[in-house]
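Participant: So the protein lines, in turn, are chains A and B. Adding 30 to a residue's 1-based position in the first sequence gives its number in the working numbering. Adding 30 to a residue's 1-based position in the second sequence gives its number in the working numbering.
What the hints contain is simulated information worked out from the structure, not anything from laboratory work. Be aware that one or more of the hints could be misleading.
[Claimed, not checked] Partial chain B-side listing against chain A, Cβ under 8 Å, derived:
#	residue
1	141
2	231
3	235
4	340
5	343
6	379
All of these numbers come straight from a predicted model, not from anything done at the bench. Glycine included, every Cβ here is placed at the ideal spot set by N, Cα and C.
2 protein chains.
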Amino acid sequence: MDAKVKRPLNELSATEIANKIATGETTCEAVVRDCLARIAARDNVVKAFVNFDPELALAQARAIDRGPRQGPLHGVPIGVKDIIDTADMPTEMGSPIYHGYHPVIDASCIALLRRAGAVILGKTATCEFAGSAPQETTNPHNAAYTPGGSSSGSAAAVADDMVPAALGTQTGGSVLRPASFCGVFGYKPTYNTFNKQGVWPAADSIDTIGWLARSIEDITLLTAVLRMETPASPRKLSAAPRVGLCRTEIWDTALPESKTAVEGAATALAKAGAKLRDIELPQAFAGLHAVARSTVNFYERAACMAFLWDHERDRLSPQMRRYIESGRKITRDDYVAGMRRLDQCRALLPGVFEEFDVLLVPCVPGEAPKGLGATGDPNMQAIWTALHTPSITLPTHRGPNDLPVGIQLVAQRYDDDRLLACSQWIWGRIGTPDMVGARRSS
Amino acid sequence: MDAKVKRPLNELSATEIANKIATGETTCEAVVRDCLARIAARDNVVKAFVNFDPELALAQARAIDRGPRQGPLHGVPIGVKDIIDTADMPTEMGSPIYHGYHPVIDASCIALLRRAGAVILGKTATCEFAGSAPQETTNPHNAAYTPGGSSSGSAAAVADDMVPAALGTQTGGSVLRPASFCGVFGYKPTYNTFNKQGVWPAADSIDTIGWLARSIEDITLLTAVLRMETPASPRKLSAAPRVGLCRTEIWDTALPESKTAVEGAATALAKAGAKLRDIELPQAFAGLHAVARSTVNFYERAACMAFLWDHERDRLSPQMRRYIESGRKITRDDYVAGMRRLDQCRALLPGVFEEFDVLLVPCVPGEAPKGLGATGDPNMQAIWTALHTPSITLPTHRGPNDLPVGIQLVAQRYDDDRLLACSQWIWGRIGTPDMVGARRSS
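Please put together the full structure from these sequences, using the hints given.
Facilitator: Written out as structure tokens, the structure reads:
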């Protein structure tokens, strides 16, 4: 008996699934059955999925198998953060207020995925309204630790092989932090790359839809679909990338494992031939994480939650009430000053990236913190979200508790293709396949 | 009998209504009754309202009158473009697809208005999904002419004294053009000033919520509420404004009445003491209206309409299908090039405004075109929407058919308070009260 044949289909990448279905080697139904089996076996502990109907998933799969080829994701199961509207399953926003809520249409990103042949396997747990109050999801590496958030379920489901890829959203660090904590790739494109129609807003001027997956190749494929492009192989670099090692002003908030990850990656990359040099951000960037998280995020949150504040305050979490209360105290002038600061810093980015293809920066302070009451510190991810630059985390390292610690790579705005190509180059030099996901741990 | 007492309350401004209710001189119910009477008398011709329940409006009014003072808009009736979610009345997007659709919560802007004590009088006609396919609204000055769009009903309702102010949205020129055609003030703030939660997206990177009203004072009041600020009197200028007369590269598309309006305003302003000087936009701005309207608008439209394109194509208008088809042909590279162009031009704005408080620019090619099948040319408004600059139209002039022709004033991003103060100064020098609205015509 061939061992390869017995590898469960839920462990395959999206690219592999699409290829095997295209060649007739397997069916969408078989893939979905293996994903469902994994969920049945593990989700009582991981609690990645919140709205999820096995029969609906199988019905979608069978319809895909019966029908003509839809597109490049034909038959690929995808998990979807539960703040993204789906017409055929509830969208509950991680809040009792939206219990049982059924949107009338799919969000733009969901429609584009289905157009490409994807099966929406189910909705993944999100912190309440993509904020900071978590649901019950655990880290698939160790259930005593947070998976990160707010795209908690998306990161956990992908890390635990329940689904090859999942949609998340990032306003502070809600894609890259859970990806880093769960040991998967997390990618936030340039702001406004994936259309946000049908996605609950947190702070609209920085909210960005992103991907959690187990390979850069998958992220490239999935990104092409949401960019309404024909997928192509990831661009190959013609020369070794120019990498700026940027510790950032909050370097001291990093634990040893995160410093080791970033500096270890830098050393290994230099050895592998990357053109590596230190870079310090201009003085104008000082305190940008606070501008992003406290001023812009809270102010816009107070605005977009106006109805729920007035009518459903008792059913909001204490964390969300604090966000909104903070936002209501921010003056318009302070908000505008924050927006101007972000503009000024964006205008300095051409200088920052003049001699670099990507910056190598810390992604997280360290491993996932213990406990499920909070999802960790978003400062290191939030700087780049607010600057609208594309960023990605690669699951390169582990910490003292053998939990994942990712590094973060950042590129100039709209240089997403370069970021993905550099990431592929870098992962090829310093990545280890068995660092991806929780298979080793679980 | 005092003539003043007999002036119908629907003819008052929002500021006047709020003051009279606050002093006990009238009640919200009395105001709403006069608005309803006006609608009953005129809306069979004007067709400004689409979702509208007199009993619900009166019930809101009575609740306001019975309850404690809510805020600065206590008792003020407001019209709302029907792409903005309201929890207590349908939101139909100007499309049969959304016939009878009931959102579960109010949009952020509606919640903030209600928090301030406003009565949502009803929903106003919009072009389909804030695009270009009009509903049946007519120009209240002459029913044979378009009121403009896509905020058609909001402009017509305000011009016809059905309501003192109404919310619109602008992606190309959907606030300022109908305001100009109907002879009211139309204001589009700096991009992202009013939170868009609960508003149907057209092209999210440029969509902006704005106001249609019959006075700048009202716009200032209403804007403070949506900015979550305590209203203050419009800022007074300490010196005459520095006005840049900017004909723009599409000056030749203006009809004589629009050229006369802009140049006449310039002459009158110089005479009144404004520091007036010609300015030409930098070469980088060439063709920006096309970038805004065709590239960015169509591309994002194709993305955000993905579900409706796949599932409801037959119920989309031919105009919308053309938008989406055009958008689907735009490559990602072309879209990104357009977004970069806009960024580059925004970076040049400090230079453009270095010596000017506001630019005086054409608002529309001319009077409202005849016929109800199309809503006019948005190029002159679209440049500034895409640049994210605040813009306002003042109803200063009339054309050969005695229909209104507005001028447009534009300020630097985030300089909304300066724009409103300059507009007040300018209106005080060159405005004529009886040019506002359709009372003279109807």
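Participant: If a hint holds in the structure, say so; if it does not, say that too.
Facilitator: Hints and how they fare:
no.	hint	result
1	141	4 Å, holds
2	231	5 Å, holds
3	235	5 Å, holds
4	340	6 Å, holds
5	343	12 Å, violated
6	379	11 Å, violated
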